[in-house]
Amino acid sequence: MASTQASKRPEPAGRGAISFWRHRGARNIAIQAVFLVAVVAVIAYFYNNMIRGLNELGLTFGYRFLGLEAGFAISEGIAYQPSDSYARALLVGIVNTVKVTLAGIVAASLIGLVVGVASLSSNWLVRSLARVYVEVFRNVPLLLQLLFWYSAVILKLPPVRQSVEVFRSFFLNQRGLYLPRLIAGQGFSSWLWFAGLALVAGVAVYFGVRRRLKRLDRPGFPSLWALGTTLLIAALGWFLVPHPPLDVDPPVLQRFNFTGGMHLSPEFAAILLGLSVYTGAFIAEVVRGGIQAVDRGQSEAALALGLRPWAVMYLVVLPQALRVIVPPVTSQYLNLAKNSSLAVAIGYPELFNVGTTIMNQTGQTLPVFTLIMACYLSLSLITSAFMNWYNRKMRLDER
Amino acid sequence: MNVSQSDDIIICEDVHKWFGDFHVLKGISVRIGRGEKVVICGPSGSGKSTFIRTLNRLEHHQRGRIIVDGIELTDDLKNIEAIRRETGMVFQQFNLFPHLTVLQNITLGPIWVRKMKKSEAAELAMSLLERVGIPEQAHKYPSQLSGGQQQRVAIARALAMQPKIMLFDEPTSALDPEMIKEVLDVMRELAQSGITMLVVTHEMGFAREVADRILFFDQGQIVEEAPPHEFFAAPKHERTKLFLSQILHH
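Chains as they are written, first to last, in the numbering used here: chain V, 139 to 537; chain U, 10 to 259.
Please keep in mind that the hints were generated in silico from the structure rather than gathered at the bench.
A quick note: this is a predicted structure, and the numbers were derived from the prediction, not measured.
Errors might be hidden in some of the hints.
Covered by chain U, according to a simulated footprint, are these stretches of chain V (three or more residues, beta-carbon under 8 Å) [said to hold, decoys possible]:
(1) 318-327
(2) 380-390
(3) 447-458
A short list of chain U residues far from chain V (calculated; beta carbon distances all over 10 Å) [stated by the list, open to error]:
(4) ASP23
(5) GLY73
(6) THR83
(7) GLU90
(8) GLY97
(9) PRO107
(10) HIS108
(11) SER128
(12) ALA167
(13) ARG197
(14) ALA235
From the three backbone atoms N, C-alpha and C, an ideal C-beta is built for every residue, glycine too.
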């Protein structure tokens, strides 16, 4: 009965009436099922292949080899000896990668910010220099640049005995850069009291200024006041403490080389320079684009209100530019982290470099590869998680 | 800066401006009295927008003198800031700040330039929103408002600085026809308050009704200047006649 009744009505969106392959939902499910089967089949094929290959070589897939003695030397990084395990060697590589990535991100951001703003300068010379910089370093392969910095610049520096000296404490030569290091001095423990006091005062000032601003019902910068107070008291302590709290440990030239101080290897210097100069060029373009994306009318309206140029930048232009800048800068950071693996070409012992050595020694290609990939993946995911958090914080709700 | 001799709030003497080789303003000399309503009209490209923008230094003039409320407009940043504080500006494209709410758009100037308390600024903003007729939109973002509402917010934002002079740069040109009236109504009401107003516009009805004087610009010069009844009834210059015949009978 019901069916005859239904057929009399003009069919609304008859369910049973549509054939299976024309039904949207059904088709979606079918496509996904086919795709899933294909993916599983491909993975199964490669897995089979791998197991067969390993069997032929008499190897088994596993990570037990990580506990074995590495037996090779690593030129720089955290404490390590050839008698340490492969796992330890890999950790040295990871730390070196993280080190160069973090330093690179900071340097590339600074370069990018300065050059990006400079390329919008009204000064012809400044603007042109910025443009040339961007076009040169953006358009030459990174590997080439790394080799250039390493073999054509840094290794061509004078030998140790003719180091380039600055203030008798910075020495630049073909073995890298030697610079003074700060170590705890005689007055350090008494200065710590001041440092603690400075911190407490800083926090107090922060909340005090915030409360005062709230009472005055005015905007302001409590964190700047807090920072200023902390630095001031810490500096005051520096002069009040009878013995200097920090001693300078300068590099000193011995018979063959420098001792003391801090040392950046030529490899580290080259990879850091290469990565930050290269990525900086890209970030500069992003920054320039972001600022230009803010309509000129915005700063005109703000200026017409009588706001000072810094306030126009801080209150009106920057909040709108950052929204455009942050996501592409995140990808540049990720690129930088991944590009650090090119350091293998100049012998900086980062993750990939150490990894390939382990592969060669153990023949455990696949496990090592998966480990390296997992490391880069987690490094990248952590970076993008942080940047996404920052982006959400900066995001402007306009509706 | 000898201004005691006159009660003119804006004095321009032989103002010239070039964009590259293009001579936009060719010797503008005009005096505008305190509380006067002046409408500036003319064909596009005649320099009328550029002229109004030189009055608060959004464009700088290369020759001549501009004195606003007794302060000469020079490269002296302090003078520029002082003049901008006394001068409100309303743009063709509204130029509201999209990342701030309507209320924040209006309070930005009073808080950061006039150093007003946040709550006082908010009160002021609310009273101005009442005045332009949209208090209920205070906590929305500009993109949620219609063009007419956005322009009314822009007027409120300029008024919040309690300026002595209001500059309008084609305030209704970017609006749908049905929203033009709501903006003109606000401007009419404002004209009653005794503030000095300079309005670049093609709204001849508004000019006829509100203006004390009409300046007609052509090719970077003021070719005719007259009270509205004279301007519309008996234009002297051929260019003015042509302009009026085209704009009034289209």
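Output the indices of the hints that this structure fails to meet, ascending. Failing hints, ascending: 1, 2, 7, 8, 9, 10, 11, 12.
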